[in-house]
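**Q** Starting from the known structure of chain X, fit chain W onto it as the hints suggest.
Heads up: the protein sequence lines correspond to chains X and W, in order. Just remember that this note's numbering sits 10 ahead of the position in the first sequence, which is counted from 1. Just remember that this note's numbering sits 10 ahead of the position in the second sequence, which is counted from 1.
Please note that a few of the clues may not be correct.
One copy or two, it doesn't matter: identical chains are merged, so the pair holds either way.
Keeping only pairs whose Cα atoms sit at most 20 Å apart, straight-line, the calculated SDA-like set for lysine to any residue is [claimed, not checked]:
1) Lys186 x Ile49
2) Lys122 x Met107
3) Lys29 x Gln307
4) Lys265 x Tyr112
5) Lys121 x Ile182
6) Lys186 x Met107
7) Lys122 x Thr183
8) Lys121 x Met107
9) Lys186 x Tyr46
10) Lys122 x Pro105
11) Lys121 x Asp241
12) Lys121 x Pro105
13) Lys121 x Asn109
14) Lys122 x Tyr46
Hints listed in this document are in silico derivations from the structure and should not be mistaken for laboratory results.
Number of protein chains: 2
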Amino acid sequence: MHTNQPTPFRIEQYMRQQKEIVDARLDELLPRADAYPEIVHEAMRYSVFAGGKRLRPILALATGEALGGDLRRLSLLACALEMIHTYSLIHDDLPAMDNDDYRRGQLTAHKKYGEAIAILAGDALLTLAFQVLAEIPSPGQSAEITLRVICRIAEAIGTSCGMVGGQVVDLITQGKQFTADELNYIHSAKTGALIRASVDSAALLCEAETEVRAGLGRFGTRIGLAFQVVDDILDEDASSSELGKTAGKDRAEGKATYPAMYGLEESKSVAARLVAEAVQELNFLGERADALKALAQFISIRRV
Amino acid sequence: MHTNQPTPFRIEQYMRQQKEIVDARLDELLPRADAYPEIVHEAMRYSVFAGGKRLRPILALATGEALGGDLRRLSLLACALEMIHTYSLIHDDLPAMDNDDYRRGQLTAHKKYGEAIAILAGDALLTLAFQVLAEIPSPGQSAEITLRVICRIAEAIGTSCGMVGGQVVDLITQGKQFTADELNYIHSAKTGALIRASVDSAALLCEAETEVRAGLGRFGTRIGLAFQVVDDILDEDASSSELGKTAGKDRAEGKATYPAMYGLEESKSVAARLVAEAVQELNFLGERADALKALAQFISIRRV
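The shape of chain X in the complex, shown without the other chains:
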C-alpha cells in the first residue's frame, strides 16, 4: 500500500556516493605520487586523502544537481574547493599557527613531512585549485562565467571577509578578551565564507538566475555559520578520539568560540535555528533541494 509520506532522504548513502565521485576526480587531478619531485606530491595526496568528508565539494555538486547543471564542469569546481580546504588545513595546523600534531586521527602534514614541505604542499594545492578552475571547459560566453567563479572563490578565501582574514582574527584574538563582532567575523570568514562559496560558485557556474542565487546564498551563509558553531560545540563536547584531534584545545588556548561567549546550550540552539532557517530558504526549489536540505541537517547532527 502506498502512502503520501515522502521517502526520507538517505544522506549517508548520498554522501558516500558523492565522496566516491569527488575522490576519483581528485585522484585524476592531483599529480601522481611518483612524479618528480615526489615528496611534495606525496604530501599533497597524503593530506587530500586523509579521510575528509568532502562537505564543500558535495555541497557544490548538490547545488549543481538541484539546478540541472553540467556534472563534468561541476566536478572540477568541487575538486578545486576540496584542494583549497586541504591547503587551509595544512597551513592552519603548522606550529606557527594552531600547532596541531593530529588531524582526523593521523599525523598532520608537517609532522609527517616536515614544515617546509607542508608549507609548499599547501601552496601547491592552492595553486592547483586555481588551475583546475581555469581548466573548466568553458566554451564561448561561459568563459566569462568561469572567470566570475574564480573571483568569487578568491574573495571567499582572501583577507577582507574570507578565510585568511578569519584565520588572522582567530590568531590575534587568541588568549584575549574578544567581542561578539570579532567572534562573528571569525565564524563567517574563517569557515563560513568557503562553505557559502561552495554553494554560490556552483550556482554561478550553472548560470542560475539572480533570485535563485540569492536564496542559495542565504542558505549558504546559514549553513556556513552553523558548521562553525557545531565545530566549536564538538571541540568542547566530544572526546579527542572521536574528533581525531585534541579536544578542548580551543578553550584551553582562549580561542574566540561560540560556547566561550554564549555557553554550550545557547550555542546548540543557535546551530539548530540556523539550520532550520537554511532549510526554509530552499523551499522554492521543491524536491530538487532534498540533498541540500539533508546536507544542512547533517551539519547540525554530525559528531565529528
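**A** Below, chain W alone, put in the same frame as chain X:
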C-alpha cells in the same frame, strides 16, 4: 650633425618609469593597510613595497608593448606576477625554508610580523594574484584567453616544473651531492619558470601568433636561466651590504648553485652566452623589442 647610430636604450630610466606604473597599480589593487584585519594587509604591503626591481611585471609590460597590447589589461597581469613573486619570497624566507632575516636590506616578513602572519600574507598574495587575473577585463572571446593566462601562470608556479617544484628540489638537495640534472631543474623551475611565464603570459594576453609566442618563449627561457645563474654568481661575488641579504650563504649551506658545479668564471660565461642568445631570438621583432633586449642585458650586468 646626424649619424645613423641608433640612440642607446636608456634602461635605467625605462625601468624607473615602468616601476612607477606598476607600483601605482599595486597600491590600488592591494587592500589598504587600515582595512580590517589590518595586520595582514600591512604585512602584504610591507613585503610588496620592499624595494623590488619589478623585473617580472616590467617584462610583461615590455612584451605587451612590443606586441601593441592593451596596457590596462597588461598592468593587471603585471601586478599579479609581482604579487606571486612576493608571496614566494615571503614563504622562501621562513625559518622552515631558507631562514633569512633580511631581504633587500630590511627585515623579512616573519621577522617583522611573526611567522603566522607571514605565512598568511603569502597565502593572501597568491590568492589575490589569481583574483586580479580573473578580473582582467575580458569581453567575449578574450575571456577564454584570460583563462589560458591563468593556467599558464599556475603551471609556472606549480610543482611539476614550476616554482614550488624548484623550491622543493632546492631544499632536498641542500648539503648533498647534486647532479647537473637537479641543478638545471632547480634553476629552470624555481626562478626561470615565472620569468618565462611573465613574457609568455603577456604574449598570450595580447593574442600573439604561435610563432611570435614561440620566439618570445625561447627568449624567456634563456633570460630566466640567466637570471638565476647571475643570482648564484652575486651570492658568491657581492658583499652582504650590496645584496641586502647574507652573501655567500648558498655555498655555506651546500646549495646546488652554478658556481658550485661549474666555477665562477664558467658561470659568468654561461650567463653572458644565455643573454646573447636571448637577444638574438628577438631580432624578428626589430626595434619593437628594444626594451626587452635591454632588460635581458640588464639581467646580466645587474649588481643586486
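**Q** For every hint, state whether the structure bears it out.
**A** Checked hints:
1. Taking identical chains as interchangeable, the C-alpha atoms of Lys186 and Ile49 lie at most 20 Å apart only when they sit on different chains, with a minimum of 16 Å there against 39 Å within one chain.
2. Taking identical chains as interchangeable, the C-alpha atoms of Lys122 and Met107 lie at most 20 Å apart whether they share a chain (17 Å) or sit on different chains (16 Å).
3. Proximity of Lys29 and Gln307 under a CA criterion of 20 Å is satisfied intra-copy only: 18 Å inside one chain copy versus 53 Å between copies.
4. Taking the shortest alpha-carbon separations for Lys265 and Tyr112, only the intra-copy value of 19 Å comes in at or below 20 Å, while the best inter-copy value is 32 Å.
5. Proximity of Lys121 to Ile182 under the C-alpha cut-off of 20 Å is restricted to the inter-copy arrangement: shortest distance 17 Å between copies versus 24 Å within a copy.
6. Proximity of Lys186 to Met107 under the C-alpha cut-off of 20 Å is restricted to the intra-copy arrangement: shortest distance 16 Å within a copy versus 31 Å between copies.
7. Proximity of Lys122 to Thr183 under the C-alpha cut-off of 20 Å is restricted to the inter-copy arrangement: shortest distance 19 Å between copies versus 29 Å within a copy.
8. For a Cα distance limit of 20 Å, the shortest separation of Lys121 from Met107 qualifies both inside one copy, at 14 Å, and across copies, at 15 Å.
9. Taking the closest pair of Cα atoms, Lys186 and Tyr46 come within 20 Å of each other only across two copies (18 Å); inside a single copy the shortest separation is 45 Å, beyond that limit.
10. Proximity of Lys122 and Pro105 under a CA criterion of 20 Å is satisfied in both settings, with 13 Å inside one chain copy and 18 Å between copies.
11. Proximity of Lys121 to Asp241 under the C-alpha cut-off of 20 Å is found in neither arrangement, the shortest distances being 23 Å within a copy and 33 Å between copies.
12. In the homo-oligomer, the alpha carbons of Lys121 and Pro105 lie at most 20 Å apart both inside one protomer (10 Å) and across protomers (16 Å), since each shortest distance falls under that limit.
13. In the homo-oligomer, the alpha carbons of Lys121 and Asn109 lie at most 20 Å apart both inside one protomer (10 Å) and across protomers (19 Å), since each shortest distance falls under that limit.
14. Proximity of Lys122 to Tyr46 under the C-alpha cut-off of 20 Å is restricted to the intra-copy arrangement: shortest distance 19 Å within a copy versus 35 Å between copies.
Of the numbered hints listed earlier, the single one contradicted by the structure is hint 11.
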